[in-house]
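So the protein sequences, as listed, match chains A and S. Numbering follows our numbering, in which position 185 of the first sequence is assigned residue number 185; successive positions increment by one, without gaps. Numbering follows our numbering, in which position 184 of the second sequence is assigned residue number 184; successive positions increment by one, without gaps.
What the hints contain is simulated information worked out from the structure, not anything from laboratory work. Careful: at least some of the hints might be erroneous.
[Stated by the list, open to error] BS3-like, lysine-lysine: derived pairs with alpha carbons at most 25 Å apart: (1) Lys81(S) with Lys162(A); (2) Lys222(S) with Lys56(S); (3) Lys56(S) with Lys81(S); (4) Lys142(S) with Lys168(A); (5) Lys56(S) with Lys168(A); (6) Lys222(S) with Lys168(A); (7) Lys142(S) with Lys162(A).
[What the hints assert, rightly or not] Computed spacing ranges between beta-carbons, pair by pair: (8) Gly48(S) with Val99(A): 51 to 59 Å; (9) Val112(A) with Gln120(S): 49 to 57 Å; (10) Glu164(S) with Arg152(A): 16 to 24 Å; (11) Ala167(A) with Leu241(S): 49 to 57 Å; (12) Gly22(S) with Phe101(A): 31 to 39 Å; (13) Arg121(S) with Leu83(A): 47 to 55 Å; (14) Ala88(A) with Pro236(S): 24 to 32 Å; (15) Ala88(A) with Leu241(S): 58 to 66 Å; (16) Ala88(A) with Glu122(S): 38 to 46 Å; (17) Gly73(S) with Ala167(A): 28 to 36 Å; (18) Arg121(S) with Lys162(A): 50 to 58 Å.
All values derive from a computational prediction rather than experimental measurement. For every residue, glycine included, the Cβ atom is placed at its ideal position computed from N, Cα and C.
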Amino acid sequence: MKPNTLLRRAFPPAAAIALFFLAWELGCLAFNVDEFILPRPSVAIAAYFQWQEAIWPNALQTLFTTLVGLGLAIAAGTLIGALIGYSALLYDALYPLLVAFNSIPKAALVPVFVIWFGVGTLPAVLIAFLISFFPIAVNVATGIATVEPELRDVLRSLGASKLDLFAKVGFPRALPYFFASLKVAVTLAFVGSVVAELGASNRGIGNMMVIASSRFDVPLVFAGLIVVALMGIALYAAFAILERRVVAWAYR
Amino acid sequence: MERSQPCVALRDVSLFYRGDDGREVHALEGVSLSIAQGEFVAIAGPSGCGKTTILKLVAGLMPTTRGQVLIDGAPVRGPQKNVGMAFQNPTLLPWRSALENVLLPLEVVAPHRHHFRSRQREYEARAQELLQLVGLDGFANKPPYQLSGGMQQRVSLCRALIHEPEILLLDEPFAALDAFTREELWGVLQSLWLARRCTVILVTHDLREAVFLANTVYVMSKRPGRLVHMTHIDLPRPRTLEQMFHTQFTDYVHEIYNRIGEVRV
Numbered sequence: 001m002k003p004n005t006l007l008r009r010a011f012p013p014a015a016a017i018a019l020f021f022l023a024w025e026l027g028c029l030a031f032n033v034d035e036f037i038l039p040r041p042s043v044a045i046a047a048y049f050q051w052q053e054a055i056w057p058n059a060l061q062t063l064f065t066t067l068v069g070l071g072l073a074i075a076a077g078t079l080i081g082a083l084i085g086y087s088a089l090l091y092d093a094l095y096p097l098l099v100a101f102n103s104i105p106k107a108a109l110v111p112v113f114v115i116w117f118g119v120g121t122l123p124a125v126l127i128a129f130l131i132s133f134f135p136i137a138v139n140v141a142t143g144i145a146t147v148e149p150e151l152r153d154v155l156r157s158l159g160a161s162k163l164d165l166f167a168k169v170g171f172p173r174a175l176p177y178f179f180a181s182l183k184v185a186v187t188l189a190f191v192g193s194v195v196a197e198l199g200a201s202n203r204g205i206g207n208m209m210v211i212a213s214s215r216f217d218v219p220l221v222f223a224g225l226i227v228v229a230l231m232g233i234a235l236y237a238a239f240a241i242l243e244r245r246v247v248a249w250a251y252r
Numbered sequence: 001m002e003r004s005q006p007c008v009a010l011r012d013v014s015l016f017y018r019g020d021d022g023r024e025v026h027a028l029e030g031v032s033l034s035i036a037q038g039e040f041v042a043i044a045g046p047s048g049c050g051k052t053t054i055l056k057l058v059a060g061l062m063p064t065t066r067g068q069v070l071i072d073g074a075p076v077r078g079p080q081k082n083v084g085m086a087f088q089n090p091t092l093l094p095w096r097s098a099l100e101n102v103l104l105p106l107e108v109v110a111p112h113r114h115h116f117r118s119r120q121r122e123y124e125a126r127a128q129e130l131l132q133l134v135g136l137d138g139f140a141n142k143p144p145y146q147l148s149g150g151m152q153q154r155v156s157l158c159r160a161l162i163h164e165p166e167i168l169l170l171d172e173p174f175a176a177l178d179a180f181t182r183e184e185l186w187g188v189l190q191s192l193w194l195a196r197r198c199t200v201i202l203v204t205h206d207l208r209e210a211v212f213l214a215n216t217v218y219v220m221s222k223r224p225g226r227l228v229h230m231t232h233i234d235l236p237r238p239r240t241l242e243q244m245f246h247t248q249f250t251d252y253v254h255e256i257y258n259r260i261g262e263v264r265v
């Protein structure tokens, strides 16, 4: 991409974010909102710079648990998605169970995981995994289940095995669905990690926000929220770029 | 054409299946047919008469309810490897270039799949040659969406032929194209067949297409599908579009048209 087009593409979202912060700032000033209730973004950003040495290790911890959870979700989601996408029987058998699991509020599982695994990294990884698994599995299944029957006939009439069918058609065809789900899953995985850290960790952005709020340091809480949001945007953008490269054919 | 040992034979084939509403559908009933090696057969009939079913049975994609399908004297008991298929929808893989689409069968079908890497150059040259034969030189590296419907269908024909199948099964391959492109592709298919001389079964509802391309045209009745009429087309090859306006040609079309009229009522 030429620098010029990159600039033109990056400008609208950057402007929207700037306007959002401006409205927030001016709104707080205009209505004289107490810093304890809602700090102005400039105050939250100042808090970030004040505490950045403490924020970064926590941010990296959250990023780590999110990525490990997401990685597990990609592996398991692709596998389960491929299975239920191929087999109508497995689909019928497993789908209600998947929906049931997905309907459980993940926050409600945090105390259970604390009992099982104690406080630490593992509950955060597991919550991130559980929350981001479902959209990946469903999308991969859709991509594979909607392979055109004629295409299946072409390959079967060549003596293709199920594995051939998956490698040559099912998998590449599911990729656009997979990337679409990945963009949803990555933001969800952050939600999962932070939710778990709020109650069941002594590290991570979530934990830092709990400590900050118990000290009534609301600007630091908001600094934490902004950092999580920025990491979410960064990962989303990374997957979007990867998507453009890998499945360019789907975006002509 | 000499009548050698039949390459494809259907012996009293019937196919029933249970439809979505639970009722039994009689798709084919008592169909017998024998096709010689290298013959070009067209099957014409009203829509929904089970024409496509015959192709799937020959390809071994579904089993018969009664009767037998034989290829080279051996009963069909599962997906065949020496057939090529093309459909109304070109079904190209959108993530592959035209050339890569043509190569697909060689990556899958034995024995080619085992030497695909070592002989990739040779296979690519073969695919290029086919693409040239259908008038697509210079389009090998284009993705399908940059090709017109007619071009995509040409690629689909190349894909059906790249592994040099003994039998080519065509399911209304030109039905979705405009009249000019369709007639152009009749010529393309004819020259492919004249070059390869494989056995072809073409399913169509276009009678001029059937007469233009085939040695033998069968007419099927509506459901349950039976073969009710057979005509040998005695026109010299290569046939030209100009011939379609000769009385000899139109007489054939007229005769078949009347037969279909009889079975539709």
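A quick look at each hint next to the structure:
no., hint, verdict
1, Lys81(S) with Lys162(A), "holds (15 Å)"
2, Lys222(S) with Lys56(S), "holds (18 Å)"
3, Lys56(S) with Lys81(S), "holds (13 Å)"
4, Lys142(S) with Lys168(A), "holds (19 Å)"
5, Lys56(S) with Lys168(A), "holds (22 Å)"
6, Lys222(S) with Lys168(A), "violated (37 Å)"
7, Lys142(S) with Lys162(A), "violated (28 Å)"
8, Gly48(S) with Val99(A): 51 to 59 Å, "violated (38 Å)"
9, Val112(A) with Gln120(S): 49 to 57 Å, "holds (54 Å)"
10, Glu164(S) with Arg152(A): 16 to 24 Å, "holds (22 Å)"
11, Ala167(A) with Leu241(S): 49 to 57 Å, "violated (42 Å)"
12, Gly22(S) with Phe101(A): 31 to 39 Å, "holds (34 Å)"
13, Arg121(S) with Leu83(A): 47 to 55 Å, "violated (38 Å)"
14, Ala88(A) with Pro236(S): 24 to 32 Å, "violated (52 Å)"
15, Ala88(A) with Leu241(S): 58 to 66 Å, "violated (47 Å)"
16, Ala88(A) with Glu122(S): 38 to 46 Å, "holds (41 Å)"
17, Gly73(S) with Ala167(A): 28 to 36 Å, "holds (34 Å)"
18, Arg121(S) with Lys162(A): 50 to 58 Å, "violated (30 Å)"
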